[in-house]
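Produce the entire structure from the sequences given, and follow the hints as far as they go.
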Amino acid sequence: MKPVRTRFAPSPTGFLHVGGIRTALFAWLVARQAGGQFILRFEDTDKKREVPGSREHLIKSLLTLGLEYDEGPDIGGPLGPYVQSERLDTYQKWAQVLIGSGRAYADPYTPEEVQAFREQAQAEKRPFLYRNHRPENPPVWDGTMPLRFKSEPKAYTRVDAVMGELKTGPEVIDDFVLIKSDGYPTYNFAHIIDDHEMQATYVIRGQEFLASTPNYLNLYEALRFDSPIIATMPHILGPDGKKKLSKRDGAKDVLDYIADGYLPEALVNFIASLGWNDGTEQEIFTREELIAKFKLERVQRSGARFDENRLQWMNGVWIRSLRIDELFERSKNFWPETAAPYDDTYKKQVLALIQERLKYFAEIPELTRLFFEDLPVDINLINNNKQLKKFEHANLKQLLEQAKISLEQSDFSVEDLTKRLNTLLAATGQKPGILFGLIRIASTQAPFSPGLAETLSILGRETSLRRIDATLSALA
RNA sequence: GGCCCCGUCGUCUAGUGGUCCAGGACGUCAGGUUCUCAUCCUGAAGAUCAGGGGUUCGACUCCCCUCGGGGUCACCA
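In this note's numbering, each residue carries its 1-based index in the first sequence increased by 1.
No wet-lab data here; the hints were simulated from the structure.
There's no promise every hint is true.
What follows is a set of in silico ranges between Cβ atoms, one per label pair, in the way DEER data are often shown [claimed, not checked]:
no.	residue 1	residue 2	range
1	D71	D161	24 to 34 Å
2	D279	D227	22 to 32 Å
3	P109	D279	51 to 61 Å
4	I406	Q283	15 to 25 Å
Don't be surprised by glycine CBs; every beta carbon is placed ideally from N, CA and C.
Put into structure tokens, the structure is as follows:
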């Protein structure tokens, strides 16, 4: 029994969006579940498309989500290098093997000629098959022209770990390019060599490769390689539910979600739940639970739409599950500038108060402003309030003054404040909606805030009374 | 156009011939929790299981056709 080895093999052409990271996550889960290895490999055989900085970005994305790899470009490993552009001699070696066995040949046509064949096929509404133009006496391959695979078209019935049984006829098999005229291998060739050399037991990748898989099977045979287990993931769809999620349609970088204050565990949970569930009604899964319960066979065969609402809910669930110290550590970079003078103890108290209404950390400044600065008195908060608008300002002022007198004698502990507020309720004969609403608006000047007693307690006597005074003057 | 994949509430999904006039979650709406926002709780609306034919005593589940969506047919991955 060979040890399980899975890999994630992105091309360094940009950032990783949710769709891409899901493939990585599933490969990682399969490896971790089996106690095997997860490998990172860069497929940089298209020099034109390479984006500077994307290698580091890809690595950071993986590590930020906790998808640690055991072998990879930066950390090495026994079967490296893990960058395709550094493995050119390996591809040459295997190319020669194929040439030797008569299964590869030089492509003598110019790109224009091949393009003409292609257009001809298109005009006839037929799929383009290079092998229909296979040269009778190809020249000796000197490396300046493309090297093509000499396929042996046949029907295949294969089992894909997520798609199930798949059947195709010989018409989908073609002589694809192995090595380009620039000396670099194509993805089609390089990944097969690498997966073999790196002893990958699973190939988990996106649906865009489904159609070319029979070609890969044909090449495995020509090379006498065993085929790894192949698992094809459906695409994650954009908000319109049609096209696959793509960068140009606004798919966000996973690191952007981190920057907005989404927790890695929530992101992982959410991404896994797009197209996978364990068959129970459980929605929230820890990393460990995912490792224990994940099954490729239970991955949905249809594409799933990315629903940011659901992500937000799930992130809220995860935020609420954190202990306050942990939450504080995780959200350290999200405090507003006005919070700078305040100490950690104060900030933690504030954080505890807003924890249950926090969906992602970027909301912290808006939710906590009132604890760090006096907001300008906005009389409209009173004038537009459903309950308070029915009262004359003079009456409200009188009520607020009465409240102030009581609050002045408070030690501002939550217990005492609660007691006084209740006493006030009885003494004034007002509904909580009116009395509490008035005090809340006066002391916060915010459209919404945490509970009254808790808020006043944290604000403290001085700030609370100062704000109430400000409102009192405005009511004059 | 050929080939291939997919099609259950708005969304993510459960469901592998009868327990489903279809269950859960998000979202939405309504009510409750001494004020607002949120949390939490309760409830409601929401899916003729894409459509049509079969097979069967019985079909969301099996078969066929149609329609719809997607992928692929690169010296990109």
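Verification of the supplied hints:
At about 25 Å, the CB distance of D71 to D161 agrees with the hint of 24 to 34 Å. Distance hint for D279 and D227: a CB-CB separation of about 30 Å, consistent with the stated range 22 to 32 Å. Our hint of 51 to 61 Å for P109 and D279 holds, since their Cβ atoms are close to 55 Å apart. For I406 paired with Q283, a C-beta distance near 54 Å fails the hint of 15 to 25 Å.
Checked against the numbered hints given earlier, this structure breaks only hint 4.
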